[in-house]
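Chemist: The chain contents come next:
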Amino acid sequence: MSKLSLDALSERITRTLAGYSSRRGVLARLGMAFVAAPLLPLLPLLPVARSAAAESAKTDFERRAQAKDANKCDYWRYCAIDGVLCGCCGGGVHTCPPGAEPSPISWIGTCLNPQDGRSYVIAYRDCCGKPICTAGKDCRCDAVDREMPTYRQSLNNDIIWCFGNAAAAYHCSTAALVGVTNPAEGGPAT
Amino acid sequence: MSPRARPRPTRRILPGAILCALLTPPCPAAPPEVIPSLPKPQADYLLNCGGCHGLNGLSNGRLVPDLQSQIGYFLRLHEGREYLVRLPNVAFSAMSDEELAAVLNFIVFQIGGTGVPGDAARYSAAEVAALRRRPLNEVSLTEYRGRLVETLIRRYGAPAGLRSYGNDRH
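Note that the protein sequences, when read in sequence, are chains A and B.
FYI, numbering that gives the first Met the number 0 numbers position 99 of the first sequence as 98, with every residue one higher than the one before it.
FYI, numbering that gives the first Met the number 0 numbers position 131 of the second sequence as 130, with every residue one higher than the one before it.
Keep in mind that the hints were calculated from the coordinates and are not lab data.
Every residue gets a Cβ at the ideal spot worked out from N, C-alpha and C, and that includes glycine.
There may be inaccurate statements among the hints.
Here chain A is said to cover these stretches of chain B; the calculated rule only asks that three of the stretch's residues, wherever they fall, bring their Cβ under 8 Å from a Cβ of chain A [to be verified]: (1) 39-48; (2) 59-67; (3) 94-100.
Using the sequences and the hints given, assemble the complete structure.
Modeler: Given below as structure tokens:
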């Protein structure tokens, strides 16, 4: 009895399936799958996959960087700044406040501009000759993209670059835009 | 122009915009200011040397040797040519031999300028590869440089400014 009902059930399913599909349709889909299979490895070349890969290559700072407020630590040019933003102390992104002198020696690094996705060369110059600027905690930053330990001093951001100035007191930090790297020539060597 | 012939800007722009969105992720926005595009040797110079030596080869000349209008003179001496590559921070740089040769040529022939002998050859990657295997580890660099500088000033009329570095030792 149960066998009979199972037969009936199978028959009903098969007939329903047959009503909605055709042998040609099945063959067409199978054929499509065979043709498309070798193309699957090419999928990462699609723009969506490419931008996903670029996104995962970003540092934490680069993922949340913004290009609107230069007096916030997550402004894109501050990807490796360690200190008080001069913009919060009467200066600007690349200018010292009155009475402070820029350090001739600095650390130069690159930061990714979220507006155009290109790497810009940034010179982190300290402003020196005045006591440290007492700005709020939103202006005291410590970003570490591509920073190295102190045994690579030239790439370490804990160094007070005012040592080359007549008055070596540290006041605040700037991030001057020097230029943009050319991706066609390969990335810069660091 | 009849209403029918009027162009349909939206239809013309839209496919282009879609194509742009598909092909260039993401569509580049206009940069906020005009910023110079840096050739690779210059970008490498800035990132590996420019912090201390300055954007154009001038910094605090007492603490870091000036390069501008000075470094070219070193190529007048065979030992001076080798010295520039054998300096530990140059020899131990993270740059490849090719990249380092290009940066040295940028420094000597573009930043250095004055003082380079007319027949000076450019550094090749092979020359740099051989020299950086013999870094100046076992000498007093200030004295080594000072000796070269005195010869350059006496024999080749190099500027006395080359003496600035090393005269401020504490």
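Chemist: Does each hint fit the structure? Answer for all of them.
Modeler: Okay, the hints, checked on the actual structure:
no.: 1; hint: 39-48; in the structure: holds (count 7)
no.: 2; hint: 59-67; in the structure: holds (count 3)
no.: 3; hint: 94-100; in the structure: holds (count 3)
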